[in-house]
Amino acid sequence: MISPPLATPTRQVPTTATQYADIGALQPQRVLDWYAGAARDLPWRHSGVSAWAVMVSEVMLQQTPVVRVLPMWTAWMARWPSPAALADDSPAEAVRAWGKLGYPRRAMRLHAAAQQVVTRFAGNVPSAVEDLESLPGIGAYTARAVAAFAFSARTPVVDTNVGRVLARAVHGRAQAGPSVAAADRAKMELLLPAEPARAAVFSVAVMELGALVCTAAAPDCPACPIRPDCAWQLAGAPAHAGPRRRSQRFEGTDRQVRGLLLDVLRTTSEPVSIGDLDGAWADGAQRNRALDSLLLDGLVGQLTDGRFVLAGERTDTSPAIMEL
DNA sequence: GAAGCGTGGTC
DNA sequence: TGACCAAGCTT
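Numbers in my numbering are just positions in the first sequence, counted from 1, shifted up by 708.
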């Protein structure tokens, strides 16, 4: 198959063979034009949204679909419009308000991050990637996402969507390989438009392309703006060649038991006895193991009378929480 | 680098 | 229907 001659006069002139391959496959202008017409209207993308609001959205979106984040983000922004507001509340309330978003350690770390923003950065979410990465629960992706989307920093933002788009469009492979984020960031850096604000939009546009069109299971290639240049398409859309990813089971794991135990503690404002947790899971040994891990993670605290509460719960009628 | 960490939707 | 998947982080 021969790709058609390029009609766009704006194509950048590559200076090396490597750049030629990258630029040829993923032209920023085409992705930007597509994004202008296809982007979802998500509230954290609105102009004037605070860096804190962007940061909360990014943490909530870690491994969690947009449709489930939307109502939680709205509620969090109404209740805790600033890092100081969250820091002034208890970690237990953060975990409780996290509801069933999943990975509740994110709520605890977000609360800890808010406290550090207050103590280390005068209550202002920092704009430097290095400072952002120093906060609990903020890793390589989230730090760059906040820097780019809240502060218009010209920095490559690579998530699972971008990784998959690069794997297909640039490398001609069906899936992204494991642990290639650093290499993908280097590739994206070559592609970023020179103007920082435009670079940030390009990043979110590639993410959106991966989320809406270049999806994992069933990509909608006819709707793709870069289909004519996609290396995977030009190679005939070969199936994934490597080893199959280990699928993560959930039923019967400690993970499930932790979730059930936490659900009990989240639903009540009263301290809970070990007997009240018996009903959450029949296997006592596994229940105790899960409970221990929750205590170790700091998600659950134990009162001096032996009962359990969400960590950091403010219980003025109860004995002080024991330090683990 | 692999494993652990929630929850629910999809095909 | 069960395997896969969803804007990762930490150890």
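These aren't lab readings, by the way, just hints derived from the structure by calculation. This one's a predicted model, so the numbers in the text were calculated from it and none came from an experiment. Where a beta carbon is used, it is the ideal one built from N, C-alpha and C, also for glycine. Watch out, some of these pointers could steer you wrong.
[Said to hold, decoys possible] Cβ-Cβ distance ranges computed for the label pairs, FRET-style:
id	residue 1	residue 2	range
1	Q771	A891	17 to 23 Å
2	D741	Q771	25 to 31 Å
3	Q994	G944	46 to 52 Å
4	R813	R954	32 to 38 Å
5	L778	A943	25 to 31 Å
6	A786	D741	20 to 26 Å
7	S981	A931	34 to 40 Å
8	Q771	Q994	21 to 27 Å
Okay, the hints, checked on the actual structure:
In this structure the hint that Q771 and A891 lie 17 to 23 Å apart at CB holds, the actual value being about 22 Å. Judged by the Cβ atoms, the range 25 to 31 Å given for D741 and Q771 holds: they are separated by roughly 30 Å. Between Q994 and G944 the Cβ separation comes to about 48 Å, which falls inside the hinted range of 46 to 52 Å. A hinted range of 32 to 38 Å is violated for the C-beta pair R813 and R954, which are about 22 Å apart.
Between L778 and A943 the beta carbon distance is about 37 Å. The supplied range of 25 to 31 Å is therefore violated. Here the CB-CB span from A786 to D741 is close to 35 Å, at odds with the stated 20 to 26 Å. Range check, S981 to A931: Cβ separation about 56 Å, and the 34 to 40 Å hint is violated. In this structure the supplied range 21 to 27 Å holds for Q771 paired with Q994, their Cβ-Cβ distance being about 24 Å.
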